[in-house]
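Sequences are here, hints too, so could you generate the full structure?
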Amino acid sequence: MAIAPPSEWTSQLRRGVLELCVLRILRDKTSYGYEIVTTLEAWAPLAAGENTVYPLLRRLKNDGQLETLMAESPAGPPRQYYRLTSQGRRRLQGLEKEWGELARAVEDCMDSGGAS
Amino acid sequence: MTQDNPVVERYLERLATALKSFECAESAEIVNDLRGHIEEAQAMGKPLDAVLESIGPAETLARAYAIELELNPRGARFRRTVGGVLRIVGILAAASVVSLLVVGMLGSVALAFTVSGLVLIVVGALEAAGVHLPNVQLGGLSPWIVIAIGPIMSAIGLAALAGLWTYLRALARTLRRALPARAGAPPAP
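Protein chains in written order, with this note's numbering: chain A, 1 to 116; chain B, 1 to 189.
It is worth saying that the hints were derived from the structure and are not from the lab.
Computed from a predicted structure; not experimentally measured.
From the three backbone atoms N, C-alpha and C, an ideal C-beta is built for every residue, glycine too.
Some hints could be false.
Claimed, not checked - Stretch by stretch, here's where chain B covers chain A in the computed footprint (C-beta under 8 Å, at least three residues):
{"id": "1", "region": "26-34"}
{"id": "2", "region": "45-56"}
{"id": "3", "region": "91-104"}
Below, the structure written as structure tokens:
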């Protein structure tokens with residue numbers, strides 16, 4: 001690949017944000033791995049591929065923020081769906097708040113550079 | 001499950017091999033997650049080559065799992081806690097026998113020598129000043145020698161006290177190191 005690898009800074013930033021996005025995707029509906037990966041593909045800057053999303057899903061499940069349930073799929077084998085637990089819901093609320101405050105602060109800083 | 005495709009099976013076998021540092025159950029679940037993903041993608045009409053290329057090499061994926069789960073290792077944390085508790089119990093068991101002897105000996109030496117050293121100084125000084133305490137015999141020693149012996153005995157007592165202090169601190173340090181690291185703290189070397 002000719003493009004320089006993403007800087008450590010961007011990848012650190014993404015790691016935390018991706019967790020927020022996955023929790024948000026699962027806020028209103030259950031979803032399965034493949035669907036979550038393809039949903040995230042729509043947002044290229046997140047650079048969320050299979051090898052970041054699946055490890056994250058497993059960690060969130062181990063953490064008790066997600067739970068899985070098997071459900072029939074219209075075609076093919078039964079699917080494993082992910083669902084937010086109440087702990088995951090609380091975590092999402094916390095992260096949403098943090099992200100909102102952080103984004104506002106950074107935007108403000110970018111706008112004015114601290115000049116009053 | 002669709003009929004086993006040798007290419008998929010080979011990929012998943014490589015993934016299972018790369019995940020050998022994980023617990024069996026967890027590694028099997030991870031392989032299953034990826035099997036589900038590959039099947040879904042193929043059902044959506046994506047060519048297998050493209051699906052596997054998008055996932056990337058099995059070893060890279062396994063490393064990504066290792067890094068992600070290392071941030072919050074549930075199983076590992078449990079094992080570490082059980083191991084930590086057993087280690088503390090072991091240290092306490094060994095330390096309590098040794099401590100009983102060391103603390104008992106050093107403690108009594110420290111107390112007896114320090115106190116009697118001070119008493120000798122006081123008694124010697126009183127004798128020298130001509131005050132004879134009832135029931136106190138110097139055994140024919142001159143009061144000045146008694147005054148001189150006092151500080152020596154006290155010094156021995158204080159040395160024992162210092163030794164006791166050093167021992168207790170070393171014990172506390174050993175125990176603290178055996179305790180599980182606090183979340184977020186770097187693991188003890």
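Structure-based check of all given hints:
no. : hint   : in the structure
1   : 26-34  : holds (count 3)
2   : 45-56  : holds (count 7)
3   : 91-104 : violated (count 0)
Hint check: a violation occurs at hint 3 only; the rest are consistent with the structure.
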